[in-house]
Amino acid sequence: MSVDEIKVLDAPDGGRPFDPAAIETDLKSMWKRAGGGGDSTRKGAIYRAALANLVVPLDPALGLKLMPVLVDVTRRHPARLFSIGAGAVPRGSRLLARVGAVCHRRESGGGLVCSEQVVVDSDTESTPLIPSAIRSLLIGDLPTVLLDFHPALDRPWISELMDMADVILVDSCLKEPGTEPETWRLLRDQGSRRVRDLAWTRLVPWRATLAEVFDPREYLPALGTIRSVEIGFSGQGYPPPPVWLLAGWLASRLGWILEGKDRSGLILRSGTGPVSLAMSGTGTGEGRVLERIRIRSGEPHPFDMEIVHRGRDLTAHVDVRAPGTTSSGVPFGYREFAACIVGEIHRHAANRPLEDAAVAAEDMMRHWNRA
Amino acid sequence: MSARGDVAVAPEPRANPLREESATLKAADPCTFIVFGATGDLTHRKLIPALFRLSKQKLLHPRTAIVGFARRELATEAFREEMRRTVEDSGAPSAEWERFRETLFYQQGVFEDHQAFRSLGRLLREVEQKRGIPGNRIFYFATPPSEYAPLVRNIGAAGLARRALREERSLPWARVIIEKPFGRDLQSARELNALVHAVFAESQIFRIDHYLGKETVQNILVFRLGNGIFEPLWNNRYVEQVQITVAESVGIESRSGYFETAGISRDIFQNHMMQLLTLTAMEPPARFEADPVRDEKAKVLRTLHPMSPEEVARDTVRGQYIAGAAGGALVPGYREEQGVDPRSRTETYMAARIHVDNWRWSGVPFFLRTGKRLAKRATEIAIVFRQPPFSLFRSAGCETLEANILRLRIQPDEGISLSFGSKSPGLALHIDPVQMDFYYLTSFGQDPPDAYERLLLDCNLGDSTLFARRDEVELAWEFVDGILNTWNQDQSPPLVTYPAGTWGPPEADELVRRFGYHWYRL
Chain S
0 MSVDEIKVLD
10 APDGGRPFDP
20 AAIETDLKSM
30 WKRAGGGGDS
40 TRKGAIYRAA
50 LANLVVPLDP
60 ALGLKLMPVL
70 VDVTRRHPAR
80 LFSIGAGAVP
90 RGSRLLARVG
100 AVCHRRESGG
110 GLVCSEQVVV
120 DSDTESTPLI
130 PSAIRSLLIG
140 DLPTVLLDFH
150 PALDRPWISE
160 LMDMADVILV
170 DSCLKEPGTE
180 PETWRLLRDQ
190 GSRRVRDLAW
200 TRLVPWRATL
210 AEVFDPREYL
220 PALGTIRSVE
230 IGFSGQGYPP
240 PPVWLLAGWL
250 ASRLGWILEG
260 KDRSGLILRS
270 GTGPVSLAMS
280 GTGTGEGRVL
290 ERIRIRSGEP
300 HPFDMEIVHR
310 GRDLTAHVDV
320 RAPGTTSSGV
330 PFGYREFAAC
340 IVGEIHRHAA
350 NRPLEDAAVA
360 AEDMMRHWNR
370 A
Chain V
0 MSARGDVAVA
10 PEPRANPLRE
20 ESATLKAADP
30 CTFIVFGATG
40 DLTHRKLIPA
50 LFRLSKQKLL
60 HPRTAIVGFA
70 RRELATEAFR
80 EEMRRTVEDS
90 GAPSAEWERF
100 RETLFYQQGV
110 FEDHQAFRSL
120 GRLLREVEQK
130 RGIPGNRIFY
140 FATPPSEYAP
150 LVRNIGAAGL
160 ARRALREERS
170 LPWARVIIEK
180 PFGRDLQSAR
190 ELNALVHAVF
200 AESQIFRIDH
210 YLGKETVQNI
220 LVFRLGNGIF
230 EPLWNNRYVE
240 QVQITVAESV
250 GIESRSGYFE
260 TAGISRDIFQ
270 NHMMQLLTLT
280 AMEPPARFEA
290 DPVRDEKAKV
300 LRTLHPMSPE
310 EVARDTVRGQ
320 YIAGAAGGAL
330 VPGYREEQGV
340 DPRSRTETYM
350 AARIHVDNWR
360 WSGVPFFLRT
370 GKRLAKRATE
380 IAIVFRQPPF
390 SLFRSAGCET
400 LEANILRLRI
410 QPDEGISLSF
420 GSKSPGLALH
430 IDPVQMDFYY
440 LTSFGQDPPD
450 AYERLLLDCN
460 LGDSTLFARR
470 DEVELAWEFV
480 DGILNTWNQD
490 QSPPLVTYPA
500 GTWGPPEADE
510 LVRRFGYHWY
520 RL
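Each protein sequence line maps, in turn, to chains S and V. Quick note on numbering: numbering that gives the first Met the number 0 labels position 96 of the first sequence as 95, and the sequence is numbered without any gaps. Quick note on numbering: numbering that gives the first Met the number 0 labels position 163 of the second sequence as 162, and the sequence is numbered without any gaps.
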């Protein structure tokens, strides 16, 4: 998105002590001023649009990085955006708030489409007040989506925000390594209709590509005789959540049972024999992003293939080494983070494959950690 | 589980267990779009911009190629430059264009010249080899209908398309997209179908009516069948009448040659309006897939009450615009338009009362109207509900209540509104109609995508739900032919006139007034 596409209508720095009536008045006067013209950056009408309340507790350290993502989310799915900076203001400030709007030009021309933004900042002592402040400003007849980007562990105020949300989007990739099961337990307890993990959403093109490799009739039986799976990720260290979820997905879809661990990785058992699962960093690159998966199957359906994808490439490379040798580039539906978020907001059904994968992933992680 | 030696063998799966959740993530196959009429208006205005936007959204396979074919002498580089101008008009960033331009190729040729198709075949093989396309092809006829026959014959003769016998994943596929109007009457539509079927199987034929690609048209079914509260009311017990309007504010622009032979009946009524009618009146399909949906649409067309000559004279109106003021400017009448016969009897307006003879709609009139140079551009379906069975508020002085009207706005201001009566504030009891409104723009923050984007992608994916099937086209012609034959043979009803910039001839108002109704304002 170019800078030209984003217009912030009115977002003064600082803020005033939180007062819901004053905030609503500020919003009304902002729209009144916007409608009255006088802004040279605007051409044509201004449309105020909202499909949801989007509540986003932001870690101050991540705020700058994630704000462009949130702007892109509101472009794709207009909302009243609540960005919450817990502990973002000095002690004694209590709760502060300010209003603004994030706008983009209509693709067809003819004005701006805007999402309201309410910024709520608190000092450390006032974080318990945040849920009640947000509650007083939610648009009643629109669904509330909580984007939980805050990594804090002791978070009763976030639990309270969760209680008021219709949809909770969590990104287990933003959690401390090893604490991902918290997300998956939340998903298990509340169901995937309400709770979604964005780490899973990032796996969509990987799952689609893997499924496509096994679509041909001659390769399909090899799914039943898989003997080894190697999953590689950029960087090094503990496998990141997408790796666990991909492994959990394969295990749950193919009915593998976890048996234990050896030096090379985890040992599972399929209906036809043992399956070894190795997960390792490539040692290069950053971000601990999934980069490759190699699957080998044994007799009577020998098969050996590898999928490699890097960064934001729109193509993944699929090498089939047995039977025969083929190498091809296949379209890889890489999606921007905002597109992943909006895709999950649009999902209204429970996601059984994710639920099953999360259970399997948590189980695998527990075995892995035992060593 | 069985054992083979010391290796346990699981039963071989019939379906891919990894596919379960990925069914909706189908990716477009790499293919070549071959656009006949590549230098024409449709290609410039719609096709290339739509393909470019699909490419920008990464919805086309990265190896996709587009080969233009037209009469004009043009090198591929010149073709790319010409297409760049059409795309840049719609605000294209140049980096994305640079990637897209590499997908464009051009072959000069005359549609009747079979040698040109051999040259096209050579270019296609070359492009496919260079870009790694496995031979999948989409032929797009962006030409006048008179060119369809030589195109089909020469595609067949040059062996450019493989006829599909059954679903074979491993073999390359070929599909053809044919623009409306598909034929000019029932007989010519049947002849054209027979001709196209000589080269392509029905599963390969995508008869495009861009109205079906409009988000708002697709939303008719979602609105009706995806919400629990509307479908129970969608029948003759609750619906009093239905009005479908496709109004255009423009005249015939540069299309006099085509329009003189087609008229509004063939240009809009037989296709767009019949599609809107079927989507409004159809029964819920068993599944939201191509054939179940099209089966139900065809059933509606089969239940249309065929009009006798007397009914045509009474229940249809045909008009032609004369000079008037439209949109604040004086405009000429139809007969004064460039390229139009000064004594032309071509209709530019048509209205009709139609009956859908089935259990659901028995007794409910469907009023359809369409015209050129009307007061404004608007397409809308208005479902008018019956009055409450008892006038509770008559004693309080509220003699008449406005009917509840559900308006499905197809264009512009895409959205849906429902009008209902509400007590006006004050001490007296006054009931005024008020509206609940849904606008795509203010709800979703974006305008619906262009219809051609959706339809081109669907064809690439092999999904023909939003394309007309052979029986639909022929059934629509069968019904419309009944009207046109009476118009031509009996000259009844007479061709009437209406000033440009109005809502049509007074006879159309009379058509609905006879039943105690009026056309709803747009």
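One thing to keep in mind: the hints can contain errors.
[Claimed, not checked] Partial selection, computed: residues in chain V whose CB lies under 8 Å from chain S:
no., residue
1, N15
2, Q56
3, P61
4, T441
5, H517
[Unchecked claim] Pairs of lysine-lysine residues, derived as BS3-like cross-links and limited to a Cα-Cα distance of at most 27 Å, are as follows:
no., chain 1, residue 1, chain 2, residue 2
6, V, K55, S, K64
7, V, K57, V, K45
8, V, K129, V, K57
9, V, K422, V, K45
10, S, K64, V, K45
11, V, K55, V, K45
Just so you know, the hints here were simulated from the structure itself, not pulled from any lab data. Here the structure is a predicted model, which is why all the values come from computation and not from measurement. For glycine and all other residues, C-beta sits at the position ideal for the given N, C-alpha and C.
Quick rundown of the hints versus the structure:
1. Here the hint on N15/V is kept, as its CB sits about 5 Å from the closest CB of chain S, short of 8 Å.
2. For Q56/V, the suggested interface contact is broken, since its CB lies about 10 Å from the closest CB of chain S, more than 8 Å.
3. For the restraint placing P61/V at the interface with chain S, the shortest Cβ-Cβ distance is roughly 6 Å, inside the 8 Å limit, so the hint holds.
4. A distance limit of 8 Å between C-beta atoms decides the matter here; for T441/V the minimum to chain S is near 5 Å, and the interface restraint holds.
5. Given the 8 Å rule on beta carbons, the hint for H517/V is violated: about 31 Å separates it from the nearest Cβ of chain S.
6. Among the hinted pairs, K55/V with K64/S is consistent with the structure: their alpha-carbon atoms are about 25 Å apart, no more than 27 Å.
7. For the proposed pair K57/V and K45/V, the alpha carbon gap of about 18 Å is at most 27 Å, so the pair holds.
8. Proximity of K129/V to K57/V is assessed by CA-CA distance (about 20 Å); at most 27 Å being required, the pair is judged to hold.
9. Of the pairs offered as hints, the one joining K422/V and K45/V is violated, with about 47 Å between alpha carbons and a cut-off of 27 Å exceeded.
10. Among the hinted pairs, K64/S with K45/V is inconsistent with the structure: their alpha-carbon atoms are about 38 Å apart, more than 27 Å.
11. Among the hinted pairs, K55/V with K45/V is consistent with the structure: their alpha-carbon atoms are about 15 Å apart, no more than 27 Å.
Hints 2, 5, 9, 10, counting from the list given before, are not met by this structure.
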